[in-house]
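A.B. asks: Each chain, letter by letter, is given below.
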Amino acid sequence: MPQINLSTGVGGDKSESPIRSRSNASVILSLLIVAVSIGGYFGVVAYHRVIDKKFSGIQSEISAKKSLISGSKANRVADFSDRLSVVGKNLSETSMSPNEPLTRIESSLVPGVVFSSYEYDAGKKTVSVMIMADSFRSLAEELVALKQKFSSVQVDKEAKLNDDGEIEAGILMML
Amino acid sequence: MKVKILLFPLAVIIALAVGVFWIQPEVSDVLSARVRNNDAQVNLDQINTVVSNIDSLDQNLDARRDDEMFVGNYLPMQESDDRILDQINFLAGGAGVLFISTDLDRVRSAQATSLAAANQSVQESAAMKQAAPSQSFINGGDSSVMQKTPRVDPNAKLRSVDFSITVFGFYENIKGFIDHLYGVNSFQKVVSIKIAKPPENSIGTGIPSSRDSQALIGEIAVRFSSLPATVVIPGSFLDVFNRPEFDFGTVETLRQRVTKEVMPLTVSPSPRQNPFVQ
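Going line by line, the protein sequences match chains F and U. Numbering of the first sequence is given in numbering that gives the first Met the number 0, commencing with residue 0 and proceeding in unit increments. Numbering of the second sequence is given in numbering that gives the first Met the number 0, commencing with residue 0 and proceeding in unit increments.
Don't take every hint at face value.
Below, simulated DSS-like cross-link-like pairs (lysine-lysine); rule was C-alpha separation at most 30 angstroms, straight line [what the hints assert, rightly or not]:
| # | chain 1 | residue 1 | chain 2 | residue 2 |
| --- | --- | --- | --- | --- |
| 1 | U | Lys156 | U | Lys3 |
| 2 | F | Lys123 | U | Lys3 |
| 3 | F | Lys88 | F | Lys52 |
| 4 | F | Lys123 | F | Lys159 |
| 5 | F | Lys64 | F | Lys52 |
| 6 | U | Lys156 | F | Lys148 |
| 7 | U | Lys259 | F | Lys159 |
| 8 | U | Lys259 | F | Lys156 |
| 9 | F | Lys124 | U | Lys3 |
| 10 | U | Lys3 | F | Lys88 |
Think of the hints as simulated: they come from the structure by calculation, not from any bench.
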């Protein structure tokens, strides 16, 4: 009887086991995916806390070190620096001797001219003098000589003959 | 069976949801925190450098204490009218001129007003920084240098007194007196000079009558100054703290300028019961 099915069902178990093992693997994989994602989240949170703790430590150290940037040492250093700065500025502003205009005038005197007064303003850098000359020519020569020593020379107000017969003139000069 | 089939896509959806709604924001926060930490570390390193520089500068001053004292004597912390008067008198005698008189004018009002206003703004700025110290150093991810404290220009703190000095003598002696003033060991600036022949009628002016027509009157206005001590506001970062040592070139230049060192005035009082009688 060739059409009698003598099969005992053992061959049927063999065809279903691959399907079952695949479904088990997918369950395991699914659980793994969820576990990894949740685990990753908690890992990042833990790392965040580590960073925050490190930041707090740095902040504490900054606060502690700030107190060292004041006190007697810092005051002494800052005070000397200020003094040095002020002195340096004054030295450069006063590099020219206050006698310098007089020295220039001395080297530009011509015969027949005498100075009766001298005024020097260091702030405006101006020199104002009263000259007594024996003639207008001497006065003119003196003006020429002064122009070689000063940037600007001009007769201030007037030049006139006084009671003593001398030419009296006020001169304004710029250094 | 159907549940098992749906489990994998469900797990993927859950993982994606966790990643998008929880992990990704947390990672953003972590990245910001790392940048914040880096900035704070940079600031801490800078503070350590400043502290080290302060120590080094302090040792620098210890090694050159003479220069420190020299500058301190040249530009003192307090006004000293007696010291200046003694210096002027000493220099006048040394130059051979007669010291007749001096007027004092304290240059204070405008500078004091501007100084008070400037100090007020500096203190307010420092108070704000102390109230929120983290903001002084952390600047929203900017890892650049720590913020410097604006401070008052030391020249604005100068306290000055104008001395209008009248002397009598020959031209060369008056010039010599001016030269001595220029080289005296006190912070000063010659403001103006007047030299003229004395008036014909000098009675009551204090100017001696002189038969020598070459004698002159000299009026020299000199501004002497002092600088009050500097006190560092806690937490302020000054430019000087960025260097480990001072540049003493200015001190060398000053030593060349100062040619007339006047010794300090010493006093030995002789008590009397009646101050109106010698």
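A.B. asks: Would the pair lysine 3 of chain U and lysine 88 of chain F pass a check requiring their Cα atoms to be no farther apart than 30 angstroms?
C.D. replies: Cα-Cα ~87 angstroms, so violated.
A.B. asks: Is the Cα-Cα distance between lysine 123 of chain F and lysine 3 of chain U 30 angstroms or less?
C.D. replies: violated, 99 angstroms
A.B. asks: Starting from lysine 123 of chain F, check that the Cα of lysine 159 of chain F is at most 30 angstroms away, please.
C.D. replies: holds, 27 angstroms
A.B. asks: Run the distance test for lysine 259 of chain U versus lysine 159 of chain F: straight-line Cα separation, threshold 30 angstroms.
C.D. replies: At roughly 44 angstroms apart (the allowed maximum being 30 angstroms), lysine 159 of chain F and lysine 259 of chain U break the hint.
A.B. asks: Do the alpha carbons of lysine 64 of chain F and lysine 52 of chain F lie within 30 angstroms of each other, as the hint requires?
C.D. replies: With Cα atoms ~19 angstroms apart, lysine 64 of chain F and lysine 52 of chain F stay inside 30 angstroms; holds.
A.B. asks: Tell me if the straight-line CA distance from lysine 156 of chain U to lysine 148 of chain F falls inside 30 angstroms.
C.D. replies: violated, 37 angstroms
A.B. asks: Take the C-alpha atoms of lysine 124 of chain F and lysine 3 of chain U, compute the straight-line distance between them, and say whether it is at most 30 angstroms.
C.D. replies: violated, 100 angstroms
A.B. asks: Holds or violated: lysine 259 of chain U and lysine 156 of chain F, Cα atoms, limit 30 angstroms.
C.D. replies: violated, 40 angstroms
A.B. asks: Below or equal to 30 angstroms on CA atoms is what counts here, so check lysine 88 of chain F against lysine 52 of chain F.
C.D. replies: violated, 49 angstroms
A.B. asks: Is it true that the CA of lysine 156 of chain U sits at most 30 angstroms from the CA of lysine 3 of chain U?
C.D. replies: violated, 85 angstroms
Checked against the numbered hints listed earlier, the structure breaks hints 1, 2, 3, 6, 7, 8, 9 and 10; every other hint is satisfied.
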